[in-house]
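Participant: Now for the letters of each chain:
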Amino acid sequence: MADPLKILDDLSARARREDSPSIDVSSRVILRLSREARAPVWPMALVASGTAVAALAVLNISRPLFEMLMDPWSVFFVMAVHVLP
Amino acid sequence: MDSAETVSEEDQQDIADSLAGDGEGYARLVRRYQGKVAAQMWRFTRDSMILDQLVQDVFVEAYMSLKGFRGRAPFLHWLRRVATRVGFRYWKSRARKEEREEALKETILNLTAAPETLTPVEAADTLYQLLGKLPPKDRLVLTLFYFEQCDIHEISARAGWNRPLVKVRLHRARKKLKSLFEEAGMGRERDG
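Line order of the protein sequences matches chains A and B.
Going by this note's numbering, the first sequence opens with residue 1, and the numbers climb by one from there.
Going by this note's numbering, the second sequence opens with residue 86, and the numbers climb by one from there.
Okay, chain B solo, but in the shape it has when bound:
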């Protein structure tokens, strides 16, 4: 996670410049954080063209609500919340178009290859496909918990859900995932 607990001086200056209408001030903020935002948005898509678009969307949306940034926590924390909102909205728009259940068993059965034999890219692809079979809310809570290693507090902040709700959603999403594994013939203890 991000270590600093306050807004850095250079961020403060660039935010003030941006609010005063200085485009270069905001460009400096974009250049400073686009790598971290891209890494986060890479959890929401595996297509580099879409990634580019999503990262742009995050910074455009962040600019539009920059006046609402209170400065009580680092700028990156706030930016990650905006990014989560953008990514979640992207999933929801796709979920309406796609058939989520397609090739479900195939994806799970591919996991019979032990995770430790996969390269990081293969592991990330598999995880992305696997979680993509779940509804967007379940997918978001598991992505933040497993992919991003967020705790309940951080998931609550990023997703805008209260903590009890995060706990309930995490529990249900794990349960759903377990049952998907079982339907595909994995995750059950053998008889005898």
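Chain A on its own, in the form it takes in the complex:
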């Protein structure tokens, strides 16, 4: 009786002679990419640059306040002006 692996060999040899259907997907691929690929790229770049600008702005604004609060003389001066009569 036939060896299964021999059958598989013979079957594959014949199957490989088959021609696959001819197709042209180039325009549909480009269409899909225009919908699927562009979206994640631009918003992410915008978000990243927007986040960086916002972070710099916050740092620039808060730095003088932070430095002032760390300086005891500045704190005393502010309290003297606003709290003492």
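It is worth saying that the hints were derived from the structure and are not from the lab.
For glycine and all other residues, C-beta sits at the position ideal for the given N, C-alpha and C.
Some hints here could point you the wrong way.
[Said to hold, decoys possible] Examples of chain B residues lying across from chain A (beta carbon under 7 Å, computed): (1) G110; (2) Q119; (3) W127; (4) S133; (5) D137; (6) Y148; (7) A209; (8) L212; (9) P220; (10) F266.
[Said to hold, decoys possible] Distance condition first, Cα-Cα at most 25 Å in a straight line; then the derived PhoX-like pairs of lysine-lysine: (11) B:K152 - A:K6; (12) B:K260 - A:K6; (13) A:K6 - B:K261; (14) B:K263 - A:K6; (15) B:K222 - B:K177; (16) B:K252 - A:K6; (17) A:K6 - B:K218.
Add chain B to chain A, keeping to what the hints say.
Facilitator: Positioned in the frame of chain A, the structure of chain B alone reads:
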């Protein structure tokens, strides 16, 4: 197998154009390789509508990871790995939905007709149905080995499995297939 060992100049140019956002550059790559990719994906389905979808999926996925293409081997080699991944995922999604064991004996018994009497299309259909009875991992290793004539090294590259694992899976898949044949009453030596 594919003979060239480096990326051709026209591929390099089209890849660079694609990465720069030129859709026509990528369309040229698709037109150049869609025939070979279709032939490979025809191992994963016998339905031409699904074939069309799978080939599209391969090129969409390839574009998404094009930045990761190092250019150390021909573009087609890399594309075949992407195609294998897409095909394997398709099988796994189908395997969850389908009952694999249906009509198993019938398919095997149809093989009593000697392979040499079958047309290439009949042979490919039978082989596709036969391997479709196996779990996706076994099916992939046998499809690449028998249908695509890949060696261990190539299967390892395409499937993303290391070589010892490929050898083990190939051995187990063949064994499983043999036992399926035996269950169907084929492949055993007659007594006496």
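Participant: Hints first: check each against the structure and report whether it holds.
Facilitator: Structure-based check of each hint:
Interface hint at G110 of chain B: violated, since its Cβ lies 10 Å from the closest Cβ of chain A, which is beyond the 7 Å cut-off. Below 7 Å, beta-carbon pairs count as interface contacts, and Q119 of chain B has one with chain A at about 6 Å; its hint therefore holds. At a threshold of 7 Å, the smallest CB-CB gap from W127 of chain B to chain A is about 4 Å, leaving the interface hint in force. Annotation: S133 of chain B was flagged as interfacial toward chain A, and the flag holds, the nearest CB pair being 5 Å apart, inside 7 Å.
Look at D137 of chain B: its Cβ gets to within about 6 Å of chain A, closer than 7 Å, so that hint holds up. About 6 Å separates the beta-carbon of Y148 of chain B from the nearest beta-carbon of chain A, less than 7 Å, and the hint is met. The closest approach between the C-beta of A209 of chain B and any C-beta of chain A is roughly 4 Å, which is under the 7 Å cut-off, so the hint is satisfied. Contact between L212 of chain B and chain A, as hinted, is supported at the beta carbon level, the nearest pair being about 5 Å apart and thus within 7 Å.
Because the beta carbon of P220 of chain B sits about 17 Å from the nearest beta carbon in chain A, more than 7 Å, this interface hint is broken. With a least beta-carbon distance of about 4 Å to chain A, the hint placing F266 of chain B at the interface is held under the 7 Å criterion. With a C-alpha separation of about 43 Å, the suggested pair K152 of chain B and K6 of chain A falls outside the 25 Å cut-off, and the hint is violated. Using a Cα cut-off of 25 Å, the hinted pair K260 of chain B and K6 of chain A holds, with the two alpha carbons roughly 13 Å apart.
Among the hinted pairs, K6 of chain A with K261 of chain B is consistent with the structure: their alpha-carbon atoms are about 15 Å apart, no more than 25 Å. The suggested pairing of K263 of chain B with K6 of chain A holds, with an alpha-carbon distance near 11 Å, which does not exceed 25 Å. Restraint check: the Cα-Cα separation between K222 of chain B and K177 of chain B comes to about 9 Å, which is no more than 25 Å; the hinted pair holds. Pair hint K252 of chain B plus K6 of chain A holds up; C-alpha atoms about 19 Å apart against a cutoff of 25 Å.
Between K6 of chain A and K218 of chain B the CA atoms are separated by roughly 18 Å; this keeps the pair inside 25 Å, and the hint holds.
Violated hints, in rising order: 1, 9, 11; the structure is consistent with all others.
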